[in-house]
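S.K.: Residue strings, one per chain:
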Amino acid sequence: MSASLALTPPLDRPLAERIAARFAADRRWGWGEILFWVAAVGAPLALPRAALLFNEIAILALFALSLDLILGFAGIVSLGHAAFLGVGAYTAGLFALHVWDDPLAGLFAGVVAAGVLGFLASFLILRGTDLTRLMVTLGVAQLLFELANTFSDVTGGADGLQGVAMGPVLGLFRFDIRGHVACGYSLAVLFALFVIARRIAKSPFGLSLRAIRDNRLRASATGVDANRRIVVVYTISAAFAGAAGALMAQTSQFVSLDVLDFHRSADLMLALIVGGPGWLYGGLIGAIVFKLLQEALASVTPQYWQFWIGLLLVLFVLGGRERLDLALKSLRGRFAAPRGRG
Amino acid sequence: MLTILFDGVAYGMLLFVLASGLAVTLGLMNFVNLAHGAFAMAGGYTTVILMQRYGAPFLATLPLAFLVPAALGAVLERVLYRPMYEKSPLDQVLFSIGLVFMSVAGVDYFMGSQQQLVRLPEALQGRFDLAGVGIGKYRAFVIALCGLIALALQATLVGTRFGSRLRAAVDDPRVARGLGVDVGLIFSATFAVGSGLAGLGGALGAEMLGLDPNFPLKFMIYFLIVVTVGGASNIAGPFLAALLIGVVDVAGKYYAPQFGAFIIYGLMIAVLLLRPNGLFARAR
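Heads up: the sequence lines are chains G and C, in that order. Residue 10 in numbering that gives the first Met the number 0 sits at position 11 of the first sequence; the count goes up by one each step and never skips. Residue 184 in numbering that gives the first Met the number 0 sits at position 185 of the second sequence; the count goes up by one each step and never skips.
Everything labelled a hint here was simulated from the structure, so no lab data went into it. Don't take every hint at face value.
[Stated by the list, open to error] Quick list of in silico lysine to aspartate or glutamate cross-link-like pairs, DMTMM-like style, CA-CA up to 20 Å:
no. : chain 1 : residue 1 : chain 2 : residue 2
1   : C       : Lys86     : G       : Asp129
2   : C       : Lys252    : G       : Asp213
3   : C       : Lys217    : G       : Asp213
4   : G       : Lys201    : G       : Asp213
[What the hints assert, rightly or not] Just a few of them, taken from the derived set where beta-carbon distance is under 8 Å, the chain C residues facing chain G:
no. : residue
5   : Pro82
6   : Pro88
7   : Ile96
8   : Gly97
9   : Met101
10  : Val103
11  : Ala104
12  : Gly105
13  : Tyr108
14  : Met110
15  : Leu156
16  : Ile220
17  : Thr227
18  : Tyr264
The structure displayed is predicted, hence computed values, not measured ones. The beta carbon of each residue, even a glycine, is placed where N, CA and C say it ideally should be.
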């Protein structure tokens, strides 16, 4: 990280040190964050019966985290993030079916596949307006949906990819029917990737992404290569989404066309917006709220819960989510404040 | 071969009428309204309800299939859409997705999730031969009606006072307001007519495209493609784009069914990359 700071040679040492110290202080974990993760581990332990639900929440949280990296930090809108979820899921599923049933190897394969696709797709979103980006991302996701539908001899088409059998995690923990291992596995992966995302967000690179989001022209004027950074963060984000997809395929041992469906991208957007984009816990909290809400609504009106989700979206936007965002921001400051300081 | 071309043209014409309202709101006013298909569905279900419950003849329901969504559009524009004009595309997307979800679940609740069948009148069923080409009577009817609508739209936009006011309001709302143009009223009227046309398209298309509660989601991307590929500098762009997509889609499904809608999405991405303002947009 010091390499990028050294880009401006006449920087006097004390200033460079002060900047480095500032970044280091920013990276320290706050009490709120520690509490959050203790609760995240404690909740499934306290309620082992809900392990399957916690597993779904962890996966959606990872997915939302990946969208947050591009939408919240770099300001890139996307209506087709399901593309990377789907690629990760199908890769992990096919990998387990044809190559090796080790979960971590499959996870890695899903991450790489989605990352490669993200790298390629990132060049499509460099130009144009928000509207063009929405359309292109939507188009890419639809394209993949059609592709998966067309090559049904590989993907299983509308019937889904069946017969995915996973080996034990690390050769030790077998997936059980109640989802205990699945939940622990997903949570562990979520935490590991969250630490990486946190490191990225709090690095000079993360800072430059926010500069690009707020004013791309000025960011470029200060020497930030906006296009290159967008390519990088888009690739990382896609890889994260691929990990979420791989987890989904491995823990449910099934992949269907549904992973590429439009409603995945839309639900994801809602989850992230509810939690608030632009801070790392937004996607995580949004995922918790969204899943619990969906669970509650589905138990009341199993068929029509989508109506209430839609109503919520409309009211949310009409009510001015910016105002809610501002109210949350003060809370957020305290939540993620480093220990020892205000 | 020619029959396929003819079917493609009919399909394209229908797409144009369905998407023409969106061409104005998305293309000209830059408002991302993903819920446009919901108005089309409203029109389709208006026809279905009138025919099934009240035994009305198909043709007699068409005016109402226009008026009901138009009224719905006018009300929603006043109440819900107006505050959204100034917001970011992301907000508009979220808002209209919410509307789509509500309409899908709402129609499912009241009408059931099954496909709705529309019985065409005898006179429009069957085919006739024209110079050795088999032509469906209903498709000929659709082409004629949609062609008339397209001409009327073009004439309204270019030739009437309302059209010039609309173009002024879109180009620069502040100056237009300063010149005494009631921008709010113009937008309301435009939105209502666009919704009405979508409804008419939904009613006309119930037989060709199918009609079920998922209609707004299924065809959302097609409408968006028509507008983004066609560009929005005039009505001719979306019209040509709709025809192109109709022909390509029908031909694609006939000659290379394994590719499905693949060709269409690929076409859209390519166009957006090469000509971000649309295939037929003139340089400004």
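S.K.: Evaluate each hint against the coordinates.
M.R.: Results of checking the hints against the structure:
1. Lys86/C - Asp129/G: Holds: Lys86/C and Asp129/G sit about 13 Å apart, inside 20 Å.
2. Lys252/C - Asp213/G: violated, 45 Å
3. Lys217/C - Asp213/G: Violated, at roughly 35 Å.
4. Lys201/G - Asp213/G: holds, 16 Å
5. Pro82: With a closest approach of 6 Å, the Pro82/C hint holds.
6. Pro88: At about 4 Å, which falls below the 8 Å cut-off, the nearest Cβ of chain G leaves the hint on Pro88/C intact, so it holds.
7. Ile96: Interface hint status for Ile96/C: holds (5 Å vs cutoff 8 Å).
8. Gly97: With a closest approach of 3 Å, the Gly97/C hint holds.
9. Met101: This interface hint holds because 4 Å falls under the 8 Å limit.
10. Val103: Holds: closest Cβ of chain G sits about 6 Å from Val103/C, inside 8 Å.
11. Ala104: holds, 3 Å
12. Gly105: Interface hint status for Gly105/C: holds (6 Å vs cutoff 8 Å).
13. Tyr108: Check passed: Cβ of Tyr108/C comes within 5 Å of chain G, closer than 8 Å.
14. Met110: Given a least distance of 13 Å, the restraint on Met110/C is violated.
15. Leu156: violated, 22 Å
16. Ile220: holds, 6 Å
17. Thr227: At about 5 Å, which falls below the 8 Å cut-off, the nearest Cβ of chain G leaves the hint on Thr227/C intact, so it holds.
18. Tyr264: holds, 4 Å
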